Amino acid sequence: MNIRRFPMTREISLLVLVYLYVPVVVLVSYSFNANRTATVWSHASLDWYGRILANPAIQSATQNSLVLALCAATAATVIALLAALATARAFPSRGGVEAVLNMPLILPEIVVAVATLMLFVALGVQLGLGTMILAHTAFCIPFAYLPIRARLEGMNQSYGEAAQDLYANRFRSFRRVTLPLLWPGIMAGFTLAFVTSLDDFLTSFFLSGPGTTTLPVYIFSSIKAGITPEINAISTVMLVISVLLVSLSFFLGRLRR
Amino acid sequence: MTDSSAVSIRSVSKGFGRGAAAVRVLEDVSVEIGQREFFTLLGPSGCGKTTLLRLIAGFETADQGKIIIEGQDVTQAPPFRRPVNTVFQNYALFPHLTVEQNVGFALVEQQMPADKIRARVGESLEMVRMQSFARRRPAELSGGQQQRVALARALAPRPKVLLLDEPLSALDLKLRKEMQIELKLLQAEAGITFLFVTHDQEEALTLSDRVAVMQGGRILQMGAPRDIYETPTHRFVADFIGDINLIEAEALPGNAIRLAGGAQIVVPHQAQGKVTLAIRPERARIVAPDAGHLQARVVHTAYLGTALVHKLALSDGATFLLRQSDLDGTQPPIGSTVGLSLPADSLRVLLQ
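Going line by line, the protein sequences match chains A and B. Residues in the first sequence are numbered consecutively from 197, following the numbering used here. Residues in the second sequence are numbered consecutively from 6, following the numbering used here.
In case anyone wonders, no lab produced these hints; they're calculated from the structure. Bear in mind that the values here come from a model prediction, so they are computed numbers and not experimental data. One should not assume that every hint holds.
Pairwise CB distance ranges (calculated) [as the list claims (entries may be wrong)]:
#1 B:Asn-95 - A:Leu-262: 40 to 46 Å
#2 B:Asp-214 - A:Asn-352: 49 to 55 Å
#3 B:Thr-211 - A:Ala-295: 28 to 34 Å
#4 A:Glu-305 - B:Asp-78: 22 to 28 Å
#5 A:Asn-352 - B:Gln-269: 36 to 42 Å
#6 B:Pro-49 - A:Pro-203: 52 to 58 Å
#7 A:Phe-397 - B:Ser-174: 44 to 50 Å
#8 B:Gly-51 - A:Leu-435: 42 to 48 Å
#9 B:Gln-116 - A:Asn-298: 53 to 59 Å
#10 B:Val-304 - A:Arg-201: 53 to 59 Å
#11 A:Ala-346 - B:Arg-134: 34 to 40 Å
Covered stretches of chain A (in silico footprint by chain B; criterion: 3 or more residues with CB under 8 Å from a CB of chain B, positions within the stretch not fixed) [to be verified]:
#12 356-364
#13 373-380
Negatives, chain B to chain A, calculated, CB over 10 Å [to be verified]:
#14 Val-89
#15 Thr-91
#16 Leu-98
#17 Pro-100
#18 Glu-114
#19 Arg-158
#20 Leu-178
#21 Lys-182
#22 Ala-265
#23 Gln-275
#24 Ala-312
Glycine is no exception: its CB is placed at the ideal position from the N, C-alpha and C atoms.
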C-alpha cells in the first residue's frame, strides 16, 4: 500500500519536520546575532564566532574533545574490526557475543557512567583524559562495529579463498584483499565512533578530572552562568562538524566495493 | 602409474556438520589424474564434485584419505602451499585491483622481481587476448572478459594443475561454445593438467580426455568420453549423459535376455534376474512390424536437419526415442505400427 495515499500525510510530515528542526534553526540563526542577550535579535554579525576562537577555555575544551574522540574512535575501530572478523563465521555463541558487543546501545548511559565512575574510584585511578578514553572506547565499539560488519557480510568469501589460492598466506591475504575491500566500512565505522564520542556529555561529565573539560561539558557549565550567543556559536560549529562527519560516514558506507 | 600422476586422490571421504545434521559428501573416492590430462568431474549439483575440487585446492580438509599432487602429500597443506590454482565459478576477481594487478597477484606473493612480473603478466594476458584491458577494473569488463582474466590470473604462476569450478556456467550459450574451444587450445598451449568440474554433460564430453561421473559422493564410472557414452555401466550414467532408451527385461540362463514382448536377444554380458537394457536412439533400427524385437507406434516425428527423431510408444506405454540419420530412407507415417530392431552389440545391461 502506498503511504502517500493516506489523508494528511503531507501535513503531518511537515509538522514533524518543523517540530524537529525549528529549535536547531533558531539556535543557528541566533549564533549570528550581535545582541548580548541570546533571545533578542538586533542585527547580524560574526562577533561570537570571533570570540569563541579567542576564548582559551573553549580552545582547551575543543582540544580535549578532539584528542578524546580521536583516541576513543581509533581504539574502538580496531576492537570492532577484530570483533567483526571473528563474528563473520557462524559459531554456537555468536548471538551472545554480538549482544555483548552491542550492549552499550541498550544500557542506560547514566547507569554505565555512574558504574564506571565508581569502578575508577574504587580502584583508586586518577580521573582524567585516560579514564575518559577508556570509557568512550567502550560505548563507541558498537558504532564502529555495525558498518564494518555490514561491509564484511556483503563481501564475497571467495575473495579470501582466491587470495590464498594465489599463494598469499592468511596475513598477506588480509593485507592485500580483505583490508582494502573493508576500508570504506572501517572509515564509516571510525567516523560514526568519532562523532559519538565528540557529542557525548554524560560519560565525560562524570569522568572528567581537572583540566579535562570537553566541549559538551563546557557548554553545559557555561549555560548555568547564563545563555549567551557564544553558546549558540559553539553549538553551531559542533552541529556542522557532526553533520559533515555523519554524511561522510554514510557515503563511505554506500561506496561500491 | 601413481608416481607419474599429476593428482592422486586416495580413498578420500568428507562430511559436513555434526550429529544428526551430519552429511556425507564424499564416500571413499579414489582417482588418479595423469600429466597434462583434461580430466572432468561430471555430475548433478550436490554430487560432491565441487567438494572434491575444494579438497584438492585446500579450501576444505579431508576427513579420511590422502591427496597427493605431483608426488607431494598435501592432504593437510593450506591452499597457499599447494602447486595448484583455481578458476572460480564467480571468477572472484579482486574488485579493487586492475586486470594486471589481478593477474600479477600470485607473482608478487612468490616474490618475483618487478620486471619479470610485468613480462609474465603480459604473456598471460596475451594468451587470453586481453592485453588491451590491462589497466581496467573487473567491474568494467563483460562476463566473458572477466572469465578470460580469471584464466590468465590462474595460469600466470604456471601451476602444475589448474582447477576449474564450472567456469563457463555464467556465460551465455554462444560465448560458452567459444570458450570451450579456447580452453582446449589453452590447455594444449600451457601443457598443464586441467581438472574441470561441470554439470553439463555435453561440455564434459567435448572437452575431456577422461570423465568421472559422480553421484551421491561416489564416482560411478570413469573413462574416455566415448566409453562413458557408448558403454555406460550404471543406469544413472546412461540417463545423465545424452538421450537413452531404458527397457526393463529379464535375464535367462546363458547370455539371453527376454524382453517384455517375449522376444529374446543374446547380449555379450552375463546377467541375472530383472535387468535394465539401454540403447542409444541412433542405434535402434526401424524394420517391418513383425520383423523386430519390439513393436511400437509412431507418436511424433521431429526434423532436426541432419536427422529425424521419432518418438515411439511401446506396447506397455513406455516412450522410445529413435534417431534416423538416413533421411532418404522410408519415413513411417505418424500413427503407424513399426518393428524395432535392437542390435545386440549396441545394447548395454545396466547396474542398479
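Hints, one by one, checked against the model:
Between Asn-95 (chain B) and Leu-262 (chain A) the CB atoms are about 44 Å apart, so this pair conforms to the stated range of 40 to 46 Å. With their beta carbons about 32 Å apart, Asp-214 (chain B) and Asn-352 (chain A) fall outside the hinted range of 49 to 55 Å. Checking the proposed 28 to 34 Å range against Thr-211 (chain B) and Ala-295 (chain A) shows it is violated: the Cβ atoms sit about 54 Å from each other. Checking the proposed 22 to 28 Å range against Glu-305 (chain A) and Asp-78 (chain B) shows it is violated: the Cβ atoms sit about 58 Å from each other.
Checked against the hint of 36 to 42 Å, the C-beta distance between Asn-352 (chain A) and Gln-269 (chain B) comes to roughly 60 Å, which is inconsistent with it. Between Pro-49 (chain B) and Pro-203 (chain A), the C-beta spacing of about 56 Å keeps the proposed range 52 to 58 Å intact. Checked against the given bound of 44 to 50 Å, the beta carbons of Phe-397 (chain A) and Ser-174 (chain B), roughly 57 Å apart, lie outside it. Taking 42 to 48 Å as the suggested C-beta distance range, the pair Gly-51 (chain B) and Leu-435 (chain A) does not conform, at roughly 57 Å.
For the pair Gln-116 (chain B) and Asn-298 (chain A), the beta carbons lie near 42 Å from each other, so the given range of 53 to 59 Å is not met. The hinted range of 53 to 59 Å is satisfied by Val-304 (chain B) and Arg-201 (chain A), whose Cβ atoms lie roughly 56 Å apart. Taken as a hint, the range 34 to 40 Å holds for the pair Ala-346 (chain A) and Arg-134 (chain B), whose Cβ atoms sit roughly 39 Å apart. Restraint check on the stretch 356-364 of chain A versus chain B: 8 residues with Cβ-Cβ distances below 8 Å, three needed, restraint holds.
Judged by the Cβ-Cβ criterion of 8 Å, the stretch 373-380 of chain A is covered by chain B as claimed, because 3 of its residues qualify and three suffice. Val-89 (chain B), annotated as away from the interface, has a beta carbon of chain A within 10 Å; the closest lies near 8 Å. Not every CB of chain A lies more than 10 Å from the CB of Thr-91 (chain B), the least distance being 5 Å, so the non-interface label is violated. Non-interface call for Leu-98 (chain B) relative to chain A: violated, since the shortest CB-CB distance, roughly 8 Å, does not exceed 10 Å.
Not every CB of chain A is more than 10 Å from the CB of Pro-100 (chain B) (nearest about 4 Å), against its label as outside the interface. Some Cβ of chain A comes within 10 Å of the Cβ of Glu-114 (chain B); the nearest lies about 4 Å off, and the non-interface call is violated. Annotated as non-interface, Arg-158 (chain B) brings its C-beta within 10 Å of a C-beta of chain A; the closest such distance is 7 Å. Taking the minimum C-beta to C-beta distance to chain A, about 25 Å, the non-interface status of Leu-178 (chain B) holds against the 10 Å cut.
With a least beta-carbon separation of about 26 Å from chain A, Lys-182 (chain B) lies farther than 10 Å from that chain, consistent with its non-interface assignment. With 10 Å as the threshold on Cβ separation, the claim that Ala-265 (chain B) sits away from chain A holds: the shortest Cβ distance comes to roughly 51 Å. Gln-275 (chain B), annotated as away from the interface, keeps every beta carbon of chain A farther than 10 Å; the closest lies near 48 Å. Chain A leaves Ala-312 (chain B) outside its interface by the beta-carbon criterion, the shortest separation being 43 Å against a cut-off of 10 Å.
Comparing the model with each earlier hint shows violations of hints 2, 3, 4, 5, 7, 8, 9, 14, 15, 16, 17, 18 and 19; every other hint is respected.
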